[in-house]
Structures are given as C-alpha cells and as structure tokens.
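Modelling step: build the complete structure from the supplied sequences, incorporating the hints.
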Amino acid sequence: MKKVKPFRYVYLALMLLFLYLPIIYLIVFSFNDFSTGRRVSYANLGRWNGFTLENYTNVFAGEAGSALLLTLEVALITSVVATVIGTFAAIGINSMKKRPKSIILNISQLPMVNPDLVTGITFMMLFAFVNGVLVNMGADRLSDIVKLLIAHISFSIPYVIFSVMPRLKQSSSMLYEAALDLGCTPMQAMFRVIIPDIMPGITSGFIMALTMSLDDFVVSYFVSDLRSTLSVYMYSAARGAKGVNPALATIIFIPLVTLLLIVNLRRISKEREDEIQNKKVKMKG
Amino acid sequence: MKKFFCFALALMMLFAFAACSNSSDGPAANGDNEVFADGDQYDEIGGELNILNWGEYIDPELITLFEEETGVKVNYVEMTSNEEMLIKLKSSDCVYDMCFPSEYIIEQLIASDLLLPLDMDKIPNAKNIMQDKLEITNSFDPGNKYSLPYMWGTVGILYNTTMVEEPVTSWGILWDEKYAGQIWMYDSVRDSIGITLKYLGYDLNTRSEAEIAEARDLLIAQKPLRKGFGTDNMRASMINGKAAMAVIYSGDAFVCMDENEDLAYAVPEEGSNVWFDNVVIPKSAKNIEAAHAFINFLNDGAIAARNTEYIYYSTPNQAAMDRLDEYFTGSETYNPPKEVLDRCTVFHDLGDFVSVYNEAWNAIKMK
Amino acid sequence: MKRKVFAYPYIVWMALFIAVPMVFIFYYAFNVDGSFSFSKVWATLSDISKWRVLWVSIEIAAGTTVFCLLLGYPVAYILSNMRKSIAAFISVLFFVPMWMNFVLRTYAWQAILEYAIPNMLGWTDKTLTGSVWAVMMVLVYNFIPFMVMPLYNSLSKIDRSLIEASGDLGANGRMTFFKVVLPLSVPGIVSGITMVFIPAITAFTVPALIGNGNYNLYGNEIEMAFKQAAGSAGSADYSVGSTLAIILLICVFISTAVMNRFDKDHEEGGNLL
Chain V
1 MKKVKPFRYV YLALMLLFLY LPIIYLIVFS FNDFSTGRRV SYANLGRWNG
51 FTLENYTNVF AGEAGSALLL TLEVALITSV VATVIGTFAA IGINSMKKRP
101 KSIILNISQL PMVNPDLVTG ITFMMLFAFV NGVLVNMGAD RLSDIVKLLI
151 AHISFSIPYV IFSVMPRLKQ SSSMLYEAAL DLGCTPMQAM FRVIIPDIMP
201 GITSGFIMAL TMSLDDFVVS YFVSDLRSTL SVYMYSAARG AKGVNPALAT
251 IIFIPLVTLL LIVNLRRISK EREDEIQNKK VKMKG
Chain E
1001 MKKFFCFALA LMMLFAFAAC SNSSDGPAAN GDNEVFADGD QYDEIGGELN
1051 ILNWGEYIDP ELITLFEEET GVKVNYVEMT SNEEMLIKLK SSDCVYDMCF
1101 PSEYIIEQLI ASDLLLPLDM DKIPNAKNIM QDKLEITNSF DPGNKYSLPY
1151 MWGTVGILYN TTMVEEPVTS WGILWDEKYA GQIWMYDSVR DSIGITLKYL
1201 GYDLNTRSEA EIAEARDLLI AQKPLRKGFG TDNMRASMIN GKAAMAVIYS
1251 GDAFVCMDEN EDLAYAVPEE GSNVWFDNVV IPKSAKNIEA AHAFINFLND
1301 GAIAARNTEY IYYSTPNQAA MDRLDEYFTG SETYNPPKEV LDRCTVFHDL
1351 GDFVSVYNEA WNAIKMK
Chain B
2001 MKRKVFAYPY IVWMALFIAV PMVFIFYYAF NVDGSFSFSK VWATLSDISK
2051 WRVLWVSIEI AAGTTVFCLL LGYPVAYILS NMRKSIAAFI SVLFFVPMWM
2101 NFVLRTYAWQ AILEYAIPNM LGWTDKTLTG SVWAVMMVLV YNFIPFMVMP
2151 LYNSLSKIDR SLIEASGDLG ANGRMTFFKV VLPLSVPGIV SGITMVFIPA
2201 ITAFTVPALI GNGNYNLYGN EIEMAFKQAA GSAGSADYSV GSTLAIILLI
2251 CVFISTAVMN RFDKDHEEGG NLL
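Chains as they are written, first to last, in this note's numbering: chain V, 1 to 285; chain E, 1001 to 1367; chain B, 2001 to 2273.
Calculated directly from the structure, the hints in this document are not laboratory data.
All values derive from a computational prediction rather than experimental measurement.
Check before you lean on any hint, since a few could be wrong.
Only pairs whose alpha carbons sit at most 27 angstroms apart, straight line, appear in this in silico DSSO-like list of lysine-lysine [what the hints assert, rightly or not]:
#, chain 1, residue 1, chain 2, residue 2
1, B, K2157, V, K169
2, V, K242, B, K2126
3, B, K2040, E, K1090
4, E, K1223, B, K2126
5, V, K98, B, K2179
6, B, K2050, E, K1223
7, E, K1178, B, K2126
8, E, K1090, B, K2050
9, E, K1178, E, K1286
10, E, K1338, E, K1127
11, B, K2004, V, K101
12, B, K2157, V, K5
13, E, K1145, E, K1122
14, B, K2157, V, K279
15, B, K2126, B, K2157
16, E, K1286, E, K1090
17, B, K2084, V, K279
18, B, K2084, B, K2004
Counterexamples of contact, computed for chain E against chain V with all Cβ distances above 12 angstroms [said to hold, decoys possible]:
#, residue
19, E1056
20, C1094
21, Y1179
22, N1205
23, E1309
24, G1351
Sample of chain E residues with no beta-carbon within 12 angstroms of chain V, all distances over it, derived [unchecked claim]:
#, residue
25, D1043
26, D1119
27, S1170
28, R1207
Each residue gets a CB set at the ideal place from its N, CA and C atoms; glycine is no exception.
Set out below in structure tokens:
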C-alpha cells in the first residue's frame, strides 16, 4: 500500500473544515445572547453579545416546537408505512418475470430521479385537484398531515425497495421453497424465513425513509398550507426578520452525529475484522 | 443498532414534549394590568381559525390570549409578499379564515368577489379606528365594507448616519455612486417601481408604458450600486451596519432604529407610498364567527396597543394611540406629520395593466 | 399463493401517487379552457426571459458542477488510496454534515458571508452575500458530498493490479493517473455530474437566502409560478409552472439516459449509510 503523503491529509482537513464551518458557527452562536435589544432577534448572527444558555431553554417554544412534533410524527409514520409497503413490494417484484419487473423498477426510479421540486409541484396540483373534488362533494379537505404523509410515503417507498432488492437477490429463492417443502405455510415462510433473511436491507431502507422524510424541505414546502414541518419553519424564519434559533442546529445535529458515528464505527470495525480475516485466508492460501 | 435508534428518538420526543408543555403555560395576561379596554367578555367559540399574515406581524402572546378566551385553536401562517397572499386567496383550495393584504390587493379581491362583507355588529371595537384613516381606506374599499385597517405606514429610506452624512431628502440618493453595493431595495414589484416613478415625478399608479419603461431603465442602471432586493432580512443587515441605506416600510425602520441608534428614516420630498394592511375575511372562510371575534379582539384599545408595541408598526386605532407613550407617538417614523402624509399616495389595483409592471420587473431582476 | 401479490399494494400506490401526479403537469400545461392546445405552452416558450433564466441557471449549475468535480476528485482519490477502514471512517465524516438540514446550513453561510468574514477583515463598506460567486460557493458546499460519493465508489473499485501493471510497464505516476485511473473513473465522474447538475438548477433556497434576491434561478422561477402571483390575473398560473417543469424533466431524462449508459449497475441502488 502506498504511503499517504502529509499534504493529502492537509487537503482532507481543509475540505472537512469547509464542510463543518457553518455547523461549528451555528453551534458557537447557539450560546450567544440575542436578547440585548428590546426583542430577541436571532438574525443578528454577526455580533457576539455574551454567553447564555437561554437559546436552549426556549428552543422549542412556540412554532418550532409544534413544527418539530409534526416532523417527527410524519417521519415515523412515513418510515413505518413505507418500509412495510416497500419490503413487500420488493419481495413481490423480485418474484416477477423479467419484463414487468423492469417496468416497475423503472417507474419506481421516477421519484428518485425527479428533482424534488417537480415532486413537490405535482403533489401540490394533485391535492388542489382532490380538495376541489372533495369540497364539491361537501366533504372536508385533506388535512395537512394527510397530504404530508401521502407525499412523504410516496417518495420514500422507492428507497426502501432499492435497499431491500440487493438483499433479496443475494438470498436464494430456494430458501422459500425449502421452507414450503418442510411444511411451512406461505405466510410462515415469509415471516419466519424470508423477512429475517433480508432484515439488514429492511433496516437500512427504514433508516433511509426516516432520513429522507426528516430532511425533506421542498416537497413539504409545496404541500402544506397550515402547518409547517421543521425545515419549512426554518426556511420561513431564515427569510424573516426574527431568524432561526441556532440552538436548533445543535439539538438536531448532536444526536444525529452520535447515532451515525456509532452505526458506522460498528460497521467499520466489522469490516476491519473481515479485512483481517481475509488477509489470514489469503496468507493461508 | 435499531434499539439505539429508537432510544434516541424517544429521548428527542420526550425532550420536545417537555419543552412544548413548558412554553404553553408561559405567556399569560399580567394579572394587575387591564387586559381589555372596555372589560369585554368573549364567548366560547371553539373550532379552528386559520390566519395568513406577514412575518413578525402580531404579538404571539395575543394569539395565546385569544385562544384562552374563546377556545379557538389558531393556525398562524406567515408569508413575505402581497402577491403570495393573493395567489393563496385566489386558489380554489384556499383554507384561510382571515388575512391581512394591502390596499391594491384588496381592490382586486373585491373585484373578484372573493371577500365576505364584514358584519360590523360583531365588531363593536371598530369604533376605535381613526376616522381620517377610514377615509383613506375608503378609497380602495368603498364604504369600508370588506376590510378594516390593521396597520399602516409609509415607504421611505432607512439610512445609517455614520455612512450617509448628507441629509436624505430625495430618492436620488439611491443612485449615488458613493454608496455602491450598500443600497437595499425592497423585493416587491409595486414598491420598487413605485418609488422610482415618484423619483421621476410620475404617478405611483401610472398606466403609461413609457413612464414605466423609464423607471425600468433607471432600476436596471442601478444594478451595480445595489446590494440586493430584500424583505424582512434587510432588518438584521441594517441593524448590524452592513448596508448604508434601505428602501423599507416605516414600521421595519422603526424597529431597526430602536436597535441601532445610528439609523434614521426619511420619506423623500418627491413623495412616496402610504400603505394600509387591512384585515379581510375570504368568502371561503369556515369559522366566520371566530374571525369576527378575532377582528374585534385586535381592535380593542388595550390589545391593539400591546400589539403595536410589539411589532412597532403604526396602529390606526385611536384608543390604542391614547395608551402609547411618547416614544411612539412622538416619533416621526411611527406617527408621521401631516405634511409627510400629504405627499404620499396609496397604491391602486391596475387590473390587466399589472402585466406591464411584471414584465418590467422581470427585466430588472434578470439583468 | 404467488409472491407477486405482495407487490400489488405498492403498484396501486405507485399508480395513484407517482404516475397520476405526473399526469397533472401535462394536463395543466396543455389544457386551455378544457381542450388540448399548445397555445399556453407556446406563450411560455416564446417568453425570452424564461430562457434567459434557464441559461443563467445552467451556467451557474455548470460552474457548481465543475468546482465540485475539481474539489471533490482529489478527496475521492486520496480516500481510495487509504486503508479501507480509515477511508470508510473519513467518508462518513464527509456525509455527516448532510444530515443537518440544508436550510439551516445555508442560513449559517448567509451569516458567515454577511457578518463573520467581513467583520473579521474589518470591511465596513461591503459584504460577501449577493454575488454570483457566493451563490455558487454555497451550492458547491451543499452538493460536494454527492460528487465525492460516486467518485469514491468508482475509484475504489479500480483493480490495484492495473495500476501496478502500469507502473511495471514504465509509466510514471502522472501517466498512470491520466491513462489508467482517470479513464476508469469516468462512470463515477458522470454519475457525480448528474447528481450535482440537476439539483443545482432546481435549488431555489440558496439563491433566495444567499443571492439577496439578485439571482432568480430556474428553480425560483418554477417556485414563483406556483407560489407568487406573477400572472396578470393574480391567480395561480399552473400552465407556466407546468411548462417550465416539463423543460426541466426533459433535462433530467437526458442526463439520466447518459448516466445509465455509463453506469450499468446503478440498479443496485445507492446506500448512503
């Protein structure tokens, strides 16, 4: 293996600094006292007025709190529903013949390839149309949360499918038949054999759906009328006079970073074990 | 790993719930002070009230207070331009029960038959509104049938006296090369083109294509001098001394001057726009009862005073004005003298001619 | 019971919420008072200012893509030459910022460019927001991980023995890079370009927060067609927005087709985690 030269580390470090600079900036300013004037204005992000923890005590006061709740609610329901529909869809698609399979997989790519702007406006038009019909029938409009859920589930399912599919390809179709031969009902074969076998794919699909939903701004921005998700709230606050409470950055960022690092460190240490194993095998060979 | 994930989420949610429940019992009416000027009582109404308003344009404690008094759940949505408000109200899918557009938008909404006439019997506090203000709003809402003024003000120049030494008396200073890169314009078709028309000595509501073309060319020529087109975000920029001047509404200017003593506000001598943001109820409104109650609530002298003390925009409410201290009533920004108002005019709806404005605006923005 | 059945709920969902919404774009673009007509599409297409916006957006998106490639390629290259386990860890570090909402990150850049850097340099008469370079830099910031990821994937797949062979056959480091490594990483470059270019055209939040309202990009134009009353009637003119979206979709399909040609095994589906 080639030796990595020091200037390469410097380059990587500079790039990482570039990527982390705004995050560090927000975290530092989350301890800034913004209440020196008559009003609290988080938009005064350029002036250091002294240390305070106040931004943290009122971080979820008012609209930000309800926006966070809505975001979590939508993300959790979305990821559960999308994982269930997506997993079964993947199992179904995998057992299809080549042509229908490729047609469905190609259509499934649509939401992934589509810019989220287009996804957003198509849902906006769809819901405007549906609400028009509902109002004509004298029924209630779709509420914001229903619209958000439909949109989020729709753009999340393909990610679940494409996380589960590779796992399904790896697992042998014989497994299912073997289970049937050994006396399982198809349902038992599904839940006792196939699903445990593809569990890692399902888990990563679930996490993908969760992050897609948590992170979404554009689609929610076009779909919701009355309630904002956290990112929509932050966008309107960022453009407004009051600004965004930078403590939100820490609150969102720290748990996610911890989580990601733990997940990945575990995976990396496992890979490393595998690497060592491989080496041993090679040495033996 | 999944277990950990669930745990982290559960923690976050717990934290969120705790924070939210803390906040909801926070703001309460100060026991000793009067809450309502006339000792009003509000009936239990219930249901939801969907409000569409400008950013930072109401004291949030007042919403909480109204919710407590009437049992109405208020959904409050913000937007940044009149045009955004218009598109939402014109949509067949309009969900709002009340909103606060400006004069020329109200004219258009009335023309399109999208507004509900206000039931003045349910708004006894409307008596608090100054007669001279109603006379002006009468010009775009004849008989004040569909709307009542909520806040009003002028358009002028907010400038930093440490950077701008000469007195600001003309819009021409916006084209002074000394201030290249330090001039904020307002990101709104009518406002930016309107003040340029005034600078050229034309009417704010002109229907002359030649005059608009002249204004357009002037604004295109301003491009290298301009810092950008802003809305609410200009406030922080001006407060922190990052620009020399900004075309801005008087209310925003007053907020900024409160935070930074170096700032001053002037309405140039060529004249300007005097604007009104009025409260209206769209025809599609569901909770009309609650909407009227809220309008009445906002026009209570004590409530209106609290509201204007929070947002710093000028109130058209006499009972509120009587409660304000010298800091507000004595300020020429908050309470402009008559000679300033005499040189200001209101915007009117231009019908289809607005497309000429929009085309000019596109050309300005694309340069 | 056939296993195919399991896919049916999804197929219904897909038809209702993926296929039908797409139909609306075409419906609103071509529907004029209830009948099919090109007149509104034609009116939008013949508006020069729309094309100018598209051109400016393409320029800015292209600039963003080039900078992402120039800055991201060395990162991917260095990573691909490291020990697998360390490289995996560092690449995670590259993706972690993406998990913070990009609205918030863009907002932070606005503060840095408007206040922090000018204050540090003691400028009193200028700031860094509002320029096309600022917009492009924040776009690069937001999209560079999408460039590094496919580059790293394709670079780390290159068979080491090819590089050794090239060395054995007398090529120096630079020749090996240009004759062996670079050509073999073309699929990564292509998929990186498509992952950056289209999102950069449609990113309407960055110009809104960083550009001081000076730059309307194609995404802003679409957003405004739906969210601001630009038409003279003041009501939502879905036809303009839909037509603009169709042009965008054409760009997307061209770039996807190009990507599919270069990257045969994309069907596996990427996995960020």
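Practice prompt. Given the hint that E/K1338 pairs with E/K1127, test it: the Cα-Cα distance must not exceed 27 angstroms.
Written response: 22 angstroms, holds
Worksheet item: Within 27 angstroms, alpha carbon to alpha carbon, are E/K1178 and E/K1286?
Response: 54 angstroms, violated
Worksheet item: Regarding the assertion that E/E1056 does not contact chain V, is the least Cβ-Cβ distance greater than 12 angstroms?
Response: Not fine: 5 angstroms to the nearest Cβ puts E/E1056 too close to chain V.
Worksheet item: Is B/K2157 close enough to V/K279, meaning Cα to Cα at most 27 angstroms?
Response: Satisfied, since the Cα-Cα distance of roughly 18 angstroms is no more than 27 angstroms.
Fill in: 12 angstroms Cβ clearance of E/D1119 from chain V
24 angstroms, holds
Worksheet item: Checking the smallest CB distance to chain V, is E/D1043 really beyond 12 angstroms?
Response: 24 angstroms, holds
Worksheet item: Can we trust that E/S1170 is non-interface, i.e. its beta-carbon lies farther than 12 angstroms from all of chain V?
Response: 28 angstroms, holds
Worksheet item: Does E/K1178 pair with B/K2126 here, judged by a C-alpha cut-off of 27 angstroms?
Response: OK: E/K1178 and B/K2126 at ~12 angstroms, within 27 angstroms.
Item to complete: Measuring Cβ to Cβ, find out whether E/G1351 lies farther than 12 angstroms from everything in chain V.
Response: 25 angstroms, holds
Fill in: Minimum Cβ-Cβ distance from E/C1094 to chain V exceeds 12 angstroms
9 angstroms, violated
Discussion item. If I take the minimum Cβ distance from E/N1205 to any residue of chain V, is it greater than 12 angstroms?
Written reply: At about 28 angstroms from chain V, E/N1205 clears the 12 angstroms cut-off, so the statement holds.
Discussion item. Just to be careful, I want the Cα atoms of B/K2084 and B/K2004 compared with a cutoff of 27 angstroms; is the pair within it?
Written reply: Since the Cα atoms of B/K2084 and B/K2004 sit roughly 39 angstroms apart, the hinted pair is violated (cutoff 27 angstroms).
Comparing the model with each numbered hint stated earlier shows that hints 5, 9, 15, 18, 19, 20 and 23 do not hold.
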